[in-house]
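Protein chains: 2
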Amino acid sequence: MEDQWARLGLDLHLTLGPAHGLRAGLEYALREAVRGGRLTPGTPLPSSRTLARDLNVSRGTVTQAYEQLVAEGYLASRPRSGIEVADHPAAPPPASIDLDPPVTLPFVKGADLRSGLPDLSAFPRREWLAATRHVMQTTPGTAFGYGDPAGAVPLREALAEYLGRVRGVVATPDRVFVCAGYTHALRLVCQALSLRGAASIAFEDPAEPAYCSLAGQMGLEVSRVPVDRDGMMVGRLTGEDVVTVTPAHQYPLGVTLSPARRTRLLAWAARTGAYVVEDDYDGEFRYDRQPVGALQGLAPDRVIYAGTASKTVAPGLRIAWIVVPPDLVRPLRESMRWDEAYVNVIEQLVFARLIRSGELDRHLRRCRIRYRRRRDRLGEAIARHVPSGRLSGIAAGLHAVLEFPGAAIDERRLLGHLRRNGVAVDGIAYFYHRPADAPLGIVIGYATPPEHAYSSTLETLISTLETMPGALSRDSRS
Amino acid sequence: MEDQWARLGLDLHLTLGPAHGLRAGLEYALREAVRGGRLTPGTPLPSSRTLARDLNVSRGTVTQAYEQLVAEGYLASRPRSGIEVADHPAAPPPASIDLDPPVTLPFVKGADLRSGLPDLSAFPRREWLAATRHVMQTTPGTAFGYGDPAGAVPLREALAEYLGRVRGVVATPDRVFVCAGYTHALRLVCQALSLRGAASIAFEDPAEPAYCSLAGQMGLEVSRVPVDRDGMMVGRLTGEDVVTVTPAHQYPLGVTLSPARRTRLLAWAARTGAYVVEDDYDGEFRYDRQPVGALQGLAPDRVIYAGTASKTVAPGLRIAWIVVPPDLVRPLRESMRWDEAYVNVIEQLVFARLIRSGELDRHLRRCRIRYRRRRDRLGEAIARHVPSGRLSGIAAGLHAVLEFPGAAIDERRLLGHLRRNGVAVDGIAYFYHRPADAPLGIVIGYATPPEHAYSSTLETLISTLETMPGALSRDSRS
Numbered sequence: 001m002e003d004q005w006a007r008l009g010l011d012l013h014l015t016l017g018p019a020h021g022l023r024a025g026l027e028y029a030l031r032e033a034v035r036g037g038r039l040t041p042g043t044p045l046p047s048s049r050t051l052a053r054d055l056n057v058s059r060g061t062v063t064q065a066y067e068q069l070v071a072e073g074y075l076a077s078r079p080r081s082g083i084e085v086a087d088h089p090a091a092p093p094p095a096s097i098d099l100d101p102p103v104t105l106p107f108v109k110g111a112d113l114r115s116g117l118p119d120l121s122a123f124p125r126r127e128w129l130a131a132t133r134h135v136m137q138t139t140p141g142t143a144f145g146y147g148d149p150a151g152a153v154p155l156r157e158a159l160a161e162y163l164g165r166v167r168g169v170v171a172t173p174d175r176v177f178v179c180a181g182y183t184h185a186l187r188l189v190c191q192a193l194s195l196r197g198a199a200s201i202a203f204e205d206p207a208e209p210a211y212c213s214l215a216g217q218m219g220l221e222v223s224r225v226p227v228d229r230d231g232m233m234v235g236r237l238t239g240e241d242v243v244t245v246t247p248a249h250q251y252p253l254g255v256t257l258s259p260a261r262r263t264r265l266l267a268w269a270a271r272t273g274a275y276v277v278e279d280d281y282d283g284e285f286r287y288d289r290q291p292v293g294a295l296q297g298l299a300p301d302r303v304i305y306a307g308t309a310s311k312t313v314a315p316g317l318r319i320a321w322i323v324v325p326p327d328l329v330r331p332l333r334e335s336m337r338w339d340e341a342y343v344n345v346i347e348q349l350v351f352a353r354l355i356r357s358g359e360l361d362r363h364l365r366r367c368r369i370r371y372r373r374r375r376d377r378l379g380e381a382i383a384r385h386v387p388s389g390r391l392s393g394i395a396a397g398l399h400a401v402l403e404f405p406g407a408a409i410d411e412r413r414l415l416g417h418l419r420r421n422g423v424a425v426d427g428i429a430y431f432y433h434r435p436a437d438a439p440l441g442i443v444i445g446y447a448t449p450p451e452h453a454y455s456s457t458l459e460t461l462i463s464t465l466e467t468m469p470g471a472l473s474r475d476s477r478s
Numbered sequence: 001m002e003d004q005w006a007r008l009g010l011d012l013h014l015t016l017g018p019a020h021g022l023r024a025g026l027e028y029a030l031r032e033a034v035r036g037g038r039l040t041p042g043t044p045l046p047s048s049r050t051l052a053r054d055l056n057v058s059r060g061t062v063t064q065a066y067e068q069l070v071a072e073g074y075l076a077s078r079p080r081s082g083i084e085v086a087d088h089p090a091a092p093p094p095a096s097i098d099l100d101p102p103v104t105l106p107f108v109k110g111a112d113l114r115s116g117l118p119d120l121s122a123f124p125r126r127e128w129l130a131a132t133r134h135v136m137q138t139t140p141g142t143a144f145g146y147g148d149p150a151g152a153v154p155l156r157e158a159l160a161e162y163l164g165r166v167r168g169v170v171a172t173p174d175r176v177f178v179c180a181g182y183t184h185a186l187r188l189v190c191q192a193l194s195l196r197g198a199a200s201i202a203f204e205d206p207a208e209p210a211y212c213s214l215a216g217q218m219g220l221e222v223s224r225v226p227v228d229r230d231g232m233m234v235g236r237l238t239g240e241d242v243v244t245v246t247p248a249h250q251y252p253l254g255v256t257l258s259p260a261r262r263t264r265l266l267a268w269a270a271r272t273g274a275y276v277v278e279d280d281y282d283g284e285f286r287y288d289r290q291p292v293g294a295l296q297g298l299a300p301d302r303v304i305y306a307g308t309a310s311k312t313v314a315p316g317l318r319i320a321w322i323v324v325p326p327d328l329v330r331p332l333r334e335s336m337r338w339d340e341a342y343v344n345v346i347e348q349l350v351f352a353r354l355i356r357s358g359e360l361d362r363h364l365r366r367c368r369i370r371y372r373r374r375r376d377r378l379g380e381a382i383a384r385h386v387p388s389g390r391l392s393g394i395a396a397g398l399h400a401v402l403e404f405p406g407a408a409i410d411e412r413r414l415l416g417h418l419r420r421n422g423v424a425v426d427g428i429a430y431f432y433h434r435p436a437d438a439p440l441g442i443v444i445g446y447a448t449p450p451e452h453a454y455s456s457t458l459e460t461l462i463s464t465l466e467t468m469p470g471a472l473s474r475d476s477r478s
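Residue numbers (my numbering), protein chains in the order written: chain A, 1 to 478; chain B, 1 to 478.
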């Protein structure tokens, strides 16, 4: 075919095989010739009769191809002057920009100990597949339609039961909203509360800066409340309309909000009418004792509880949930109305099945054993080899903070040394409103490496810290 | 156990079985007693020694339970006065609000012919499960982490190839963004273009009102451009910064944007620097001829192409995509940064597999045959039994418009009659900026019923129209 069309002087490079048919091939060739500028606007095309004879195809094939390209706007049919190339803005050839690197957490080779990730090599593939089979076999087709933006009812029911059992959350399915991650949840909450007049929001300091930025971008005035060994210093709260807090395991410092502070925070919220957003991002993981139950259980009318599957299973699922006080059900629904649903209904039903079948519990038990052992090994290695370091925070979650009290170097040098040796960790200053307020320390995401790589990762970390030039401890001489 | 604890006068109703352990049972009972107000703030609790003896459990069990509840804030430990119920806002018992009905498209019994849905009974369950198995077997664990908000690279690559082949879209993977539905896509586009100074957006009239509202809510000035038999009257465009259009199959009228208008629209966009959002919601479905290729292929530097899996597979997937001009890649990425990723990565990889394995094409071929037959039968039935009706729009997509030119009744009466007879359809006035501008007509979503129910659904529709009291045609006498 190429030979035939080349006779037209169109220099047509066909990439379609004959399987696509003569007509489709002709259309493709003409379209590409117009797009590429080889056929310029106004160029008359041969009559269908002539072209059909030249190409040795039926006249109908050419006519249909011309009609198609006229309908698409590549060619134009002029009265009395036949078919010509349409007058339209020339299309540049597609630029081949490199795919941008992902903006969040690319996986790096070496010792990846950045925080925020579970061990993804533990993803329950077999269980996920089995649950998918169950869903495919039992779900009516109607469930695959436009779902309730608040989430599929079976998942909301399963979550209400699960959260009550595991985290002491007071939840009924109507108060549970399924979101595509904590960021989505926070956006919806900020939106709903803004519509009800909220103007300011407090975050802990330190905290994940992206959340503070998001709230600011949503038009809320953002303040920061310092954290000490008892968690957020709630006595510093003043007239904020909303406060977000990580009571079970402060992020990133790893402390627990003390009983007295819990009570004081809720009393403050009750007095001022503020809402508390409880970010229970890793509440399922506590290794030394039973996890402290959710704050929400004490004041379900003032606390918006937020949880996620990102730490228990995988962030790639994009499943999180919030449980809201009764008076926020309608505002949240209103916020979600503009959003449609966000979370794939199949996945919601699969996750509900994982909860109902007990597979999520079994997965969590396996993970708890694994992470506890990792944390213990980290603690032992630090104690033995890096005596100037102090592992702070409770035995919980997926990360620990390693501080170097009174060390004579700065974080930039420490992180640079680690990075040069292939160790990826977060510096703690990143999480502080004013980095200068941060103690010298790093956040170690010990859950991140795959199980088989944990030993070598830990060794790399420890030997890198041991060889840190300069003074990691007050007393050391370099 | 109940008996023992009842002796304390706590009226504890235990719902946890003994499998949960004595300590968990005691904690649960005490927590519920505090929550329910049966134990009021300040009430002193028995010493651990006394309670342990009373309950016939070890003292350690009671101590640990007390400690847990102190940590959670239900109880407080006062120096010298032992444990008492903490002072905190009383938690109301969970209200049991009914689950709200979904805000979009609940499935109704009877003849459901509302538009916007494919036949969900055709959902490719076996193929979905097989693709999930493939993904579970072949995907590295790292893929389950925080993904690229723009979408998983394998899906963006598959979509770029698929859209080029099926819709004539000029796409490279770096320009493809995966979204959680068209609403999400439109929100991101409005956000990105607003940040670049766009202040106004034009929609077709008629169009889906929710999209106009969303754009308005995002701060853009919304104008409407009328549609005639040649699609949007693009000559009415003035200085809008963005225009959204459904060129392949106008929604809801079902006409195609004529070749002359396509050319004129793109010339206008090139001249004014405006962007065109091409909503190609059902471009895969054309029954009388080959689908008209995407407008985007003519001007990939001015057109933002949007497609979706909602009509080809199921809206419950929450997968859609946009292909943007090169200069919008960075602004879109910027918009998405605040959003994290939204679409489950497993689902993205499953969908990519459906495209690559040819299963999506096979599914589409089956659906095309099915819908074409339904549309033909609808046309025949209307011609035979409802001669005053005129089926308008091209033979494409999942819906048709049935107009009653010059009929003497109003839409409200027509829809009321249909609804009373169990027929759910959309009136056409709903889609008009000023409902009074609408012709009398209904939008019939012939793809919506499951295959086995189509005959009876069609019969119900036709017999209901036949028995419409009043005048559906200009000439009929009631």
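Calculated from the structure, these hints are not laboratory results.
Take the hints with a grain of salt, since some may be wrong.
If you want the ones that stay clear, here's a sample from chain B, every Cβ over 12 Å from chain A, calculated [to be verified]: (1) Glu32; (2) Arg49; (3) Arg53; (4) Arg125; (5) Ile462.
Which stretches of chain B does chain A cover? Using the computed rule of at least three CB atoms under 8 Å from a CB of chain A, they are [as the list claims (entries may be wrong)]: (6) 256–264; (7) 277–284; (8) 316–326.
Bear in mind the structure is a predicted one, so any value in this text is a computation, not a measurement.
Don't be surprised by glycine CBs; every beta carbon is placed ideally from N, CA and C.
Practice task
Apply the coverage criterion to the stretch 256–264 of chain B and chain A: a residue qualifies when its Cβ sits closer than 8 Å to a Cβ of the chain, and three qualifying residues are needed.
Solution key: holds (count 5)
Handout entry: Status of Arg49 (chain B), Cβ more than 12 Å from any chain A Cβ
Key = 22 Å, holds
Practice task
Run the C-beta distances from Glu32 (chain B) to all of chain A and say if the shortest one exceeds 12 Å.
Solution key: Non-interface label fails for Glu32 (chain B): nearest chain A Cβ at 10 Å, not farther than 12 Å.
Exercise for the section: Compute the least Cβ-Cβ separation between Arg53 (chain B) and chain A, then decide whether it is above 12 Å. Expected result: 24 Å, holds
Handout entry: Check of the stretch 277–284 of chain B against chain A for coverage (Cβ-Cβ below 8 Å, three residues minimum)
Key = violated (count 0)
Handout entry: Within 8 Å of chain A (C-beta), three or more residues of the stretch 316–326 of chain B
Key = Holds, because 5 residues of the stretch 316–326 of chain B bring their Cβ atoms closer than 8 Å to Cβ atoms of chain A.
Practice task
Confirm or reject the statement that Arg125 (chain B) sits farther than 12 Å, beta carbon to beta carbon, from all of chain A.
Solution key: 4 Å, violated
Exercise for the section: Measuring Cβ to Cβ, find out whether Ile462 (chain B) lies farther than 12 Å from everything in chain A. Expected result: 24 Å, holds
Taken one by one, the earlier hints fail for this structure at numbers 1, 4 and 7, listed in ascending order.
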